[in-house]
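> As given, the protein sequences belong to chains C and G, one line each in that order. For the first sequence, my numbering gives the first residue as 1, with consecutive numbering after it. For the second sequence, my numbering gives the first residue as 334, with consecutive numbering after it.
It is worth saying that the hints were derived from the structure and are not from the lab. Treat the hints loosely; a few may be bogus.
Sample of chain C residues facing chain G (criterion: CB under 7 Å; computed from the structure) [stated by the list, open to error]:
(1) Ala66
(2) His99
(3) Phe102
(4) Lys106
Just the calculated beta-carbon pair ranges, DEER-fashion [as the list claims (entries may be wrong)]:
(5) C/Ala30 / G/Ala355: 52 to 58 Å
(6) G/Thr350 / C/Gln221: 48 to 54 Å
(7) G/Thr350 / C/Lys205: 46 to 52 Å
(8) C/Arg208 / G/Ile354: 32 to 38 Å
(9) G/Ala355 / C/Glu159: 30 to 36 Å
Computed footprint of chain G on chain C; a stretch qualifies when at least three of its residues, placed anywhere within it, have a C-beta under 8 Å from a C-beta of chain G [what the hints assert, rightly or not]:
(10) 54–64
(11) 81–95
(12) 172–178
(13) 205–218
(14) 310–317
Predicted model, so just to flag it, every value in this text is computed and none were measured. Using N, Cα and C, we set each Cβ at its ideal position, and we do this for glycine too.
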Amino acid sequence: MTICRLPRRLLLRALCGLLLAAAAGPGRGAAVADGLSWLARAGTAARSANYSGTYVYSGAGIAESARVTRVHAAGGDAERIESLDGARREIVRRGDEIHYFFLDSKTVRVDRRVSGRSFPDILPADSAALAAHYSIETGQTDRVAGRGVQVIRLRARDEDRFSQEIWADLQTGLPLKLRVIDLQGEIVEQFAFTEVSIGERLSPKQARPSRRAGYAGWTVQNAIVSDPAAGGQPLVEPKTLPSGFRRVAQVSRQWPGQDRPVIQSVYSDGLASLSIFVDPDLSKLAGHEGYSQRGALGVYSRSFADRAVITVGQLPAAALRKVAESLSVGASR
Amino acid sequence: MKDVSALMDGELDPKLTRSTIARVEDQDELRAAWSTFHVIRDTLQGNAIGPSRFIERFHDRLEQEPVPVAPRWRIPRAGRGPLALGGAGVVLLAALFVWMSGVHRDPRRPVDAPVPASVANRLNGSIAVEYAMGHRQLNPAFVVDDLARAGEVRPPVSAQEAAK
Numbered sequence: 001m002t003i004c005r006l007p008r009r010l011l012l013r014a015l016c017g018l019l020l021a022a023a024a025g026p027g028r029g030a031a032v033a034d035g036l037s038w039l040a041r042a043g044t045a046a047r048s049a050n051y052s053g054t055y056v057y058s059g060a061g062i063a064e065s066a067r068v069t070r071v072h073a074a075g076g077d078a079e080r081i082e083s084l085d086g087a088r089r090e091i092v093r094r095g096d097e098i099h100y101f102f103l104d105s106k107t108v109r110v111d112r113r114v115s116g117r118s119f120p121d122i123l124p125a126d127s128a129a130l131a132a133h134y135s136i137e138t139g140q141t142d143r144v145a146g147r148g149v150q151v152i153r154l155r156a157r158d159e160d161r162f163s164q165e166i167w168a169d170l171q172t173g174l175p176l177k178l179r180v181i182d183l184q185g186e187i188v189e190q191f192a193f194t195e196v197s198i199g200e201r202l203s204p205k206q207a208r209p210s211r212r213a214g215y216a217g218w219t220v221q222n223a224i225v226s227d228p229a230a231g232g233q234p235l236v237e238p239k240t241l242p243s244g245f246r247r248v249a250q251v252s253r254q255w256p257g258q259d260r261p262v263i264q265s266v267y268s269d270g271l272a273s274l275s276i277f278v279d280p281d282l283s284k285l286a287g288h289e290g291y292s293q294r295g296a297l298g299v300y301s302r303s304f305a306d307r308a309v310i311t312v313g314q315l316p317a318a319a320l321r322k323v324a325e326s327l328s329v330g331a332s333r
Numbered sequence: 334m335k336d337v338s339a340l341m342d343g344e345l346d347p348k349l350t351r352s353t354i355a356r357v358e359d360q361d362e363l364r365a366a367w368s369t370f371h372v373i374r375d376t377l378q379g380n381a382i383g384p385s386r387f388i389e390r391f392h393d394r395l396e397q398e399p400v401p402v403a404p405r406w407r408i409p410r411a412g413r414g415p416l417a418l419g420g421a422g423v424v425l426l427a428a429l430f431v432w433m434s435g436v437h438r439d440p441r442r443p444v445d446a447p448v449p450a451s452v453a454n455r456l457n458g459s460i461a462v463e464y465a466m467g468h469r470q471l472n473p474a475f476v477v478d479d480l481a482r483a484g485e486v487r488p489p490v491s492a493q494e495a496a497k
């Protein structure tokens, strides 16, 4: 008999697994294991596949569509995101370098990627670690943009973060739709491809700015992004963060037209993220202290230690407020 | 594009139906429009996104608020759907949707302000815009070029209200 030839330890483990699955209810264990492997697959596809398509972002009562092209080439990855509604904007990213083209006002702004990912590339490399903060399982299969998809649910384990649902392409794993769901179960934000092609042979040229020449008369704005200068201003840090949030980036950035740099610290649990901006120009706050929320994004601004501190993140209002109100001055670098 | 909208509304001249469907199948642009119209229709019917009573709340707000930049429009209740508008209903509703969501969700917008096109503009043109863009760098809905104009209006909720 085949079963006799299996090592005893393996047999024991399988038995334990079966018992656990049975305890969790029929099919539940499988859905959880499935959820994790689907999540890993979705993350890998988003980081490595070439794709181009149109998605609709809806949140805060508006719907806005954009065309995205992402290409992986020998020299690294690049993407171009063109807004299809309202003012003509184009975001071109090569590695971590971002160019914003504002075609109506003939302005190009150069920036560096700090806060990480954007739909559909939303998952961390170590997606299994998300299980500590989200209960992850697969749902039904569905169809998005004419393609078969698998629903992956990430339910927040506490009230400090939003739940999310990902519709991953059955063929390739690429996330084709994303929903962010608040504590009341209402959808606060959604991205959904309306048409997409995945895995096609794309040349890096296709992710370049659509305007190849004729920049005479354009304004170039340079956002200077660097490591926070040694011996600079003391660092402002939150004493309280939602569990699992850790600092993933800290930069000093100087926006065009400003004479002093702003320190931006980014914290993330791997999926949700928040930024704390410390701006030495306190006068900016005049009349602007308070909380405002659009879609899944909350913004909380306050004065602290003679500075304007603005906390921005995809977190429930109460969680964001807790972070913003727990600021302390750390050691200067 | 008008034919596609009429086709969706079931109001296209039957003689044109076959050729319009063929064109939608053939042309990427029309296919994308077809898809987008569906998303918009779902949104307006409350199937796709947003709080379930979104349209009703819109309706209520519309009843209460003066409309500063255009004549008062009514949006059909979710049950009736955009079909009731007929013709290029979906296109009209899409335009209305974008326009109204900009104007009505924020009572503090100055009356002569331009109709906004993105979430960033709708972050009330407050201090929040600059930082929202700095955080959500790759989401075009948060990307705006005119940060100077953005500094004029306060956020809608005070610190006291947020603290509740």
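> Each of the hints needs a verdict: does it hold here or not?
Hint by hint, here is what the structure shows:
1. Ala66: Holds: closest Cβ of chain G sits about 5 Å from alanine 66 of chain C, inside 7 Å.
2. His99: This hint is violated: histidine 99 of chain C lies away from chain G, its Cβ roughly 11 Å from the closest one there, beyond 7 Å.
3. Phe102: holds, 4 Å
4. Lys106: violated, 10 Å
5. C/Ala30 / G/Ala355: 52 to 58 Å: violated, 44 Å
6. G/Thr350 / C/Gln221: 48 to 54 Å: This hint holds: roughly 50 Å between Cβ atoms.
7. G/Thr350 / C/Lys205: 46 to 52 Å: 39 Å Cβ-Cβ, so the 46 to 52 Å window is violated.
8. C/Arg208 / G/Ile354: 32 to 38 Å: With a Cβ separation near 35 Å, arginine 208 of chain C and isoleucine 354 of chain G satisfy 32 to 38 Å, so the hint holds.
9. G/Ala355 / C/Glu159: 30 to 36 Å: At roughly 52 Å between Cβ atoms, glutamate 159 of chain C and alanine 355 of chain G fall outside 30 to 36 Å, so the hint is violated.
10. 54–64: It holds, with 10 qualifying residues against the three required.
11. 81–95: With 9 residues closer than 8 Å to chain G, the region 81–95 of chain C meets the three-residue bar; holds.
12. 172–178: violated (count 0)
13. 205–218: violated (count 0)
14. 310–317: Holds, because 4 residues of the region 310–317 of chain C bring their Cβ atoms closer than 8 Å to Cβ atoms of chain G.
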